[in-house]
Structure formats: C-alpha cells, structure tokens
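Participant: Here is how the chains run, residue by residue.
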Amino acid sequence: MLLIYCPHCLEHREEEEFSYGGEAHIARPLAPESLTDEEWGDYLFFRKNPRGIHHEMWYHGVGCRRYFNATRNTLTYEILETYVVGTQPQITGADA
Amino acid sequence: MSQINRLPTCGRTDPSQTIKFIFNGKTYQGVAGDTLASALLANGVNVVGRSFKYSRPRGIVGHGMEEPNGIIQLGSGAATVPNLKVTQVELYEGLEASSVNGWPNVNFDLMGIIGLFGRLMPPGFYYKTFMYPQKLWMTYEHFIRKAAGLGKTPVEADPDTYEKINQHCDVLVVGAGPAGLVAALEAGLSGARVIIADEQSEFGGSLLASNELIDGSSASDWVTSINSQLESLSNVQRLRRSTVFGYYDHNFLTILERRTDHLGLKAVSGPRQCMHRVRAKQVVLATGAFERPLVFAHNDIPGVMQASSVSTYINRFGVAPGRKLVLATNNDNAYRTALDWHRAGRDVVAVVDSRSSPSGELVELVRGLGIQIFDGCGVIEAKGSKRVRSALVAPLNSEGTKVVGAVQSLACDLIASSGGWSAVIHLSSHTGAKPVWDEKIVSFRPGESKQQERSAGACKGTFGLSDGLLEGATAGAEAAQRAGFGDGVVQRPLPAVDEVVEQPQQTLFLVPHTKPTSRAPSQFVDFQLDVSAAGIELAVLEGFESVEHVKRYTALGFGTDQGKLGNINGMAILANALGQSISATGTTIFRPSYTPTTFGAIAGRDIKDLFDPERYTAAHRWHVEQGAAFEDVGQWKRPWYFPQGNETMHQAVNRECLAVRNSVGILDASTLGKIDIQGPDAAEFITRMYTNSYLKLAPGKCRYGVMLKEDGMIFDDGVCACLADNHYLMFTTTGGAAGVLAWLELWQQTEWPELHVYFTSVTDHWATATVTGPNARKVVAKVCSDIDLSADNFGFMDWRNGTVAGVSARVFRISFTGELSYEINVSANYGRHVWEKLIEAGAEFDITPYGTESMHVLRAEKGFIIVGQDTDGSMTPADMNMDWVVGKNKAFSFIGKRSLQRSDSVRENRKQLVGLKTLNPTSVLPEGSQIVNDPTQAIPMAMQGHVTSSYYSANMGYSIALAVVKGGLNRMGDTVHCPAADGSVIAAEIVSSVFYDPKGERQNV
Ligand SMILES: [Zn+2]
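If you're matching them up, the sequences are chains F and P in order. Each residue of the first sequence is one higher than the last, beginning at 29 in this note's numbering. Each residue of the second sequence is one higher than the last, beginning at 186 in this note's numbering.
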C-alpha cells in the first residue's frame, strides 16, 4: 500500500484514494488524421515498461479529483517525487 | 495419573488455579498460565497428531509459533477454529480441542499403515501419482484430504465480530523481547508515538523463560520493571497477543491482535480479533530467533524436542516433559537446557556434542555437575514408536559428515536437540530485502532494505543478551530521531548482564548415519509435511537445482508452520547435495502472512450489508411498499419489475411492456448519471468528447451522443442538454457515471487545460421520473400547468423548465422506449412526492410502474443499444449501425475519430449489430449464445458472433434478440443457429435491429 503525496492537496494520502493513470508525458498528436496507422498505433498502444524509474499519472479521485504525475521506481515502489501536470520531473532514469 | 510432569517450581503459572480441558475426547487438568502445549506435556500426552504423508505419530517439538506437529481444531460448531498450534493456545476452563491430523484417531491410525510403505511415497509423489489421469484428481483429492485431515472449516457463519483500526505512529517496535523492550523505551522516552507489539500473552520474549540475571535481579523482575516504565508513558501503545504479520510498501504494516481468544467460553463482548493497519514512520524489528533442530534419523518420534523449548517448559511453565534427557548439540548455548533439567531434579543421561573437546563456561558448569559429555559425537538416530526409548550415539569425524566409530545406545525418553539459531528475518524479507547468509553465526541476516526500518538483537543475528540490549536501545533512539524525536543518543544506562563466554558452534545441520542418507531411516527436515533429507537429495538427483523448485517438489515449508523449523536445514542439505555453499544456493523470499491470519479479521466489519455501499433513489421506499423486485446496478438498487398478486417475473414484464405501448408507464430513472458542465469552452469540450457536435445546440435542446475511447470503441452514451449559454447537463449510463466524469477530467486537466470548463456530478441531486406512452402528455398535463406541452411548442428532444406537482422541475422530452416520453427531474428531496402525484394523476390511465427488465425489453424492441451489454469495448459506432451519430465534418479530431480509420476498424466482416427473430416465436435465445452458420459442423465450429440481448416481446408477440454477427448488415434474411451446451439448437433469422415502429413516429407526437 503506497503512501502518495498529492501535489494539489499538499499532503500524503493512502493509495486507496488514488487510481493509476498510466504513463505520463504522452502528448496527443495535434493532427491525428495526418498520421499513418503505425504512428497513431504507437501513440495509442505502445508504452514504456521500465525496470526502475517511471513517470506516471495518478488521479486523486477520492480527494481533490485532480491528475498529477509521479516518478516511481517500479522495482522498489519508492515514489521519488510527485509534480503537477505540465511540469517536468526533477528525477529521471537512464532512458528518460 | 494427573500432571505427572508438573514440577514444584511453577514458573509463571499459577498452580492454585486449576483448569479443566478436553483433548481428543479425554478430560485433563492444567493450571492458569498454561498453554495447551504445556498442559498436555504436564499430563504426559505424547502423541498430539499425525504427519501429513506417512501418518507417523508426532509429539510437541517447540513452544511457540514454530511448532510443526501440535496442530489442532479448537471448539466445534460455528466458532470452531482449525489449524491452531497447541503452543499458542492459552488454556481456559472448558477448552475443547482435537488433533487435525489422524484418521480415525491419533493413536490408531489407518493411514499409519501407509507409513510402512514410506519408500513408496518419494518426493514429487503427488505430482507423479495423482496428476494423471487428470479426471481422477477429484477422487484422489478426496482421499488425500480425508487421510491428511487438514482441519475443518466451520460451515456456519462466523458468530464473532472483528474490527479494523487504522493507526499512525512514529516508531513501531515489533517484538517485546529484550531488544524490543529497550527499543520501545528509548523511543518512548524521546516523546515519539510508539507502538510495540508482541505475539505472546505477555511481554518479555525469551526472558520469560530465562534464568539469567539482569542488573543483579532475575530476568523476569527486569521485564516487570521495564513494562511498568512503558506503561507510564502515555505515548506508548502496548499490544499483547498481537502478531505483526505483514510488512508492505511505504512502511505499512498489519498487526493481528487476538483480543478474546484466550478468554474462551467466558461470556465476552466486543470483537474477537482486531487488525491494526499501521503506517509507521520508522520501524524497529526485534523478532528474535528460532532454535534450529539437528536432523537425525527418526528425529520425529515424540520425545524429540527443541532444547530451548525444554528449557521454556521448565522455567516458564513448571513442566518437565520427560524423565531422562539426552541433549544433542553443536553449540554451548544448549547446555543451559542440561542445567535446567538437572535443576528440575531430573536425570541428564548425557550431553552429545558434535564438537571435540568443548570447554566453554556452560560446558564446564555441566561437566562440574558430573554429567557425562560425549564430545565429537552425534545422536544419529532415535529409537521408539510413540515415545523415544533410546538415543543411538556415535563418534563423528571433525567435519561432522561421517560416523567414525562404534554406535552405542543410551536409554532415555527425551532427546533435546539444538543446531544453533536462525534469525527471524521474515518481516525484513517482506520489504524485499534479500537475506544474507552469514557463515560466522550460521544464520541468515536481514538484507539491505529500502524501507525505513532496522533490525535489532537476535533477528539481526546478534544472539548475546547484552549485545542485543545495546542494539535494541540504539535502534530505538535512532528510529525516534529519524522520526523527528530526540537526538539519537541512548538515554537510559544499559542493564548489566553477566554474560558467559561461549565457544563457537560447529556448522552442522544433518547428523550422519552409519548408512548413507538415501538408505538411513528417515531423517526429517519438515515434520509437518514429512520431507526428509533423503527426499531433498533425491530431488537433486532428479535434476532440481533451484531452492524454489525443490521446495515445491518436496513440499518443504508448505505446511501451516510454513517451514519455520525446517527451511534452513532443508536449504543446507540442498546446498550440500549440490556441492555448493548456502549463499550460492540462495534463500527463499518470505512473504506475508508471517503466520496464518483469520479471514474475519481481514474483512473486519466490511461484511454483509456493510460490504459495499447501497444507493437508493428518493422513491425507493415507495418501490419497496409496492413489492418491487430489485436489481443491483453498480451500487444502486433499482426496481427490476413490480409483480402484482402471484405474477411471475415473465407475466409482470409482459404486462408492464404492454401498458407502456398502449397507455402509459412510469420508470424511476434517477440513477442515470448526470454531470453538470459549465464554462465558456463547455460546448467545444463536449464536442471533442462526443462523436457528434454540440457547438450549435441551443438552450432548450437535447442531443443524443456516443463517447469513444481513443481507440475508437464505444465507451458510453447518453443525452446532453443545453441548459443555457455555456451550461450543459450530460446524462451518462447508470454504471458509467463515475468513469465518464474521470474521463472528462483527464482530458481537461492533462491535455486541454486551456479550455475553461468545469464538471460537477449532480446525479444524486435529482430524482427522475420517466412518464412514457401514448397517454404520457395527458398525465403530465394534470400536474403541470406552466409548460406548454403541445407537440409544436415542446417537441421531441426539447427540454423545459417548469413546475410539476408544485415542485420546480426540468422536463426532458427524450425517450428510451420509443414512445412519447417526459423525463421529469426534480430536486431529490421532492422525488417521492412528485412520483406519487404522477401515480395519482395517471390512475385514470392505469399508469403502470415498470422496472429495469421492461425498460430493457422496450428499448430492445426499438433496437436501442445498452453500452456494456450490446457493446463490449470492441465495437465502433459503425459496428452498432450508428454511423449517423458520427460527425464526419467536425473541425476538431474528436476523441477516437482517427481510430475509426484504422485498417482494423474499416475491415470487412466486422461484427455488426442486427436483430434475430427465432424461427420458433416462443423460444427465447439465451444471452451470450454463440452464433454459427452450420450447426452440424464439427467442433470447433466457425463462430459468426453472439447474442447480446434477448427477450420475449409481448408487444411483438414473439421472441426478439439483438446480436453482433460478422458482416451481419449484409445478411438480412439469412438463417443462423445457436447451439446450446445441452446439444439443442435454436434457429433464427437475421432481421433489422429495430423491431417496433421502425420509422420512429411514436416518440415524435
Ligand atoms: Zn489531491
């Protein structure tokens, strides 16, 4: 059970209040119609699955109802930082 | 013959309070302070169970949670508890227990005969013998379970209550032995909020059975004093009978507190057990160590015990479990047991020490008492059947790997063995820390952890008392400092302990026999599951190398004791067989739970009505009063149908459906999701989310929309109404409401924060009554005078503000039945009032309340889909024959649009929504039926699709169904077949999915 710091509520809260939102920093293509099926498929389906540092979205559904980003070590489950959408992480892994 | 083994010294028991109890049908007497184990030993009960595989008689081996043999069923009836350890059950008046293993009983056991054929049941026996043929497994399983008797689960509901407590603390100390006690005291003195938990009935750990002196007084006096110091600190919470059974991420730990189990049959109130869910800033693990038995031939005969357990029974319980002791050891520490036994006035036959010329302080004390010491020797075999009769002793080589001299027999009835100590690293291992093997202490140590924790004392491999106290105090002070309290310096002077100097132990796990391991009498490693040294060696011969595989193949460590005694010995024997070191062989990762945990405690109060919230609509009581049958839709309780008299569901639904089409019906539609959307960019945002456009939707107008996921598949649908400029009300499906809101928030917050738009869930604010049918206008007109209800001024897909039954209302002309419909929304507080007024007004038209089942039938007659029933996350609007809802010319590429052009979305032969009309008009297709073209084709048949919705339609006079069929829209008129599991086949014709009023004229009047 993770203890997650919500950068909007400015508090640590139990994992039960949050839900996972998948990989962060994936921008929606501005002109989807101009993409090939393969390019669109990359956006749609392909995700990193790193062993270690991962930037991901979390949703404080039973709290402030806001999405934010977290940098989490997928090996140790340590959450190294949380930061608001639209900003960049301070901690990055080898392949970031 | 009562309590033949009770000593005049009573330890911590109170002999003045006798307690009667029943074990395996016989009545015995114990005393207050006994465990069931100490009471049984006091009464000279040798056999307490039978082993799992060979059904060999087994006696008590240990004194705590490591006990593998004394596994019992406590009580009977609803409150019976299976698989408890006799060593952990505190005795109470009237206690009734029986062995879980043993058929028909522990002393005469049919399965014991199988024991004679032990060699026919090698490791992997279950895999090899019982796995094939697979269909016989059920037969085998029944036999194995009956034979092994793994305890009985009560069949009645648990009469006890359980509780859960969420707690936070600065420092959690696990274990209240010497290290844990001083750690808690140091942390507590710093002002930190401390929880200290220990699984035993009283704090003190090993000191409860120790006769060491601390600060010049007895260990038990010292425990009393430190306990009262802890008690005086209001910031320290002390939890006895409380097992910390799991250590999870981010310093979250779970504690099972047994509150009333020890009170037995006395009338008690309050929860039986309580699970503490603790988030600790810092953790000190002081979980101690287990003594490791030596493995020798027939070491499972009752009367072979752990040396430390023998001492514990003498010192803590005043029980000497036998008469004549042979002590087998490879270390100095175990000599304490010889001293204790001698002090108890019993006969120490000999100490058998695998080391040559031991001369430590304790050894010399024993020698000084004139007790014979066989040095450089091992107990290679125990003799006896239901009790040890003698020990076979032989000289060993200096490595302890071979018998090098003549064997002699020592008559005795008790063999206490000690192979050294294993640190209890389980909780540390739960954190993901990999245990490290330490050759010097012959034990694993806790590995490096990512959590905020540290180990102290024996569980860290520090086995001496004064070193353990120092480590505990330091750990407590440090943990407090890391949590923000104190300066990390130990405050109390450490107590003085007269430490004896011990000589090193010998690394010895398996005592050799005169015969090779494969031919020697069984040398048991895991008592509960009958895993022997020979079995582990055989597994290696068969090619197993990984400790995880060997464990599963031999079942080592898979009993209810989870191999607490056997695992390290098993791994050492495996390493030896593989010709490699223990560290190269690895360790097994321990996972929660540390000990078996009651499901009731995990569930707590979250059972029955409190398992999940129930949501009621404002008119719920009315529905109940009318005798409605209810259906669960998510957490909502929705009326399913309203039976009258003795009507069946089928009859009620037919009546309700006919009433709607012929006069008027009324549905409680309050559960539909409602999201209030406001902001200058609301229309733009909504248009990006739906497939069609809302940019030109004027106030007073409604539009039906479909929402896709970005992969182009239908995700939700519903009507969206323009309430005012920049103000919309979005309806969602009942089950989809929460998901749709989160979906809107996701896109607004993460992708388009520049759009000014705000969402509020208003589902519960409104009560909705849908009045539908040809007479709907006449009914509404009777209770609403300020809305012009004429078709010209209030048309289909319009909405109006007004007053209904005296209550301010929003009335929507939207329809899920295809009939003239008014969805009347009022503040939920007036929901029942308005509902009743509508019923009253409709009486002259025979207004008929209907439930979700009729709602489903009526919409299916119209071919209206239900997202999640007719779609399954792989259906595009085109698949649903709903291309008309996709705005092809919208400026913005709405969510999912690009995916509608993916090669897979536009391929031929996708499954498409069609209607099915069964050739036999009364046979109703089962929903989910698979559709094939040729029912005589050999299996596997070519699947064409499946039935998504299917009902008998009283309005049509025949059975109707919706289905998705490959290329179905081009197959109108074809006959397809639905084979059922029983071999029958229903044939149906592919028809339009709109059965009733195909032109949609009835809703537009
Ligand atoms: Zn928040």
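Keep in mind the hints are simulated off the structure, nothing from the lab. Do not take every clue at face value.
With a straight-line cut-off of 20 Å between C-alpha atoms, the simulated EDC-like cross-links for lysine to aspartate or glutamate are [unchecked claim]:
| hint | chain 1 | residue 1 | chain 2 | residue 2 |
| --- | --- | --- | --- | --- |
| 1 | P | LYS1047 | P | ASP1031 |
| 2 | P | LYS635 | F | GLU106 |
| 3 | P | LYS635 | F | GLU109 |
| 4 | P | LYS349 | F | GLU106 |
| 5 | P | LYS1082 | F | ASP70 |
| 6 | F | LYS76 | P | GLU895 |
| 7 | P | LYS635 | F | ASP65 |
| 8 | P | LYS894 | F | GLU44 |
Here are a few chain F residues that face chain P, going by a calculated C-beta distance under 7 Å [as the list claims (entries may be wrong)]:
| hint | residue |
| --- | --- |
| 9 | LEU31 |
| 10 | LEU38 |
| 11 | LEU108 |
| 12 | VAL112 |
| 13 | THR115 |
Some chain P residues flagged as far from chain F (calculated, every beta-carbon gap over 10 Å) [what the hints assert, rightly or not]:
| hint | residue |
| --- | --- |
| 14 | GLY617 |
| 15 | PRO678 |
| 16 | ALA909 |
| 17 | ALA927 |
| 18 | GLU930 |
| 19 | LEU931 |
| 20 | GLN934 |
| 21 | THR935 |
| 22 | GLU936 |
| 23 | PRO938 |
| 24 | SER1078 |
| 25 | PRO1111 |
| 26 | ALA1166 |
Yeah, the Cβ is synthetic: ideal placement off N, Cα and C, and Gly gets one too.
Participant: Now look at each hint and say whether the structure bears it out.
Facilitator: Verification of the supplied hints:
no.	hint	result
1	P:LYS1047 / P:ASP1031	violated (23 Å)
2	P:LYS635 / F:GLU106	holds (8 Å)
3	P:LYS635 / F:GLU109	holds (16 Å)
4	P:LYS349 / F:GLU106	violated (26 Å)
5	P:LYS1082 / F:ASP70	holds (16 Å)
6	F:LYS76 / P:GLU895	holds (19 Å)
7	P:LYS635 / F:ASP65	violated (43 Å)
8	P:LYS894 / F:GLU44	violated (25 Å)
9	LEU31	holds (4 Å)
10	LEU38	violated (17 Å)
11	LEU108	violated (11 Å)
12	VAL112	violated (10 Å)
13	THR115	violated (12 Å)
14	GLY617	violated (7 Å)
15	PRO678	holds (37 Å)
16	ALA909	holds (24 Å)
17	ALA927	violated (6 Å)
18	GLU930	violated (6 Å)
19	LEU931	violated (6 Å)
20	GLN934	violated (5 Å)
21	THR935	violated (5 Å)
22	GLU936	violated (5 Å)
23	PRO938	violated (7 Å)
24	SER1078	violated (5 Å)
25	PRO1111	holds (34 Å)
26	ALA1166	holds (36 Å)
Going down the numbered hints, you'll see the structure goes against 1, 4, 7, 8, 10, 11, 12, 13, 14, 17, 18, 19, 20, 21, 22, 23, 24, while the others check out.
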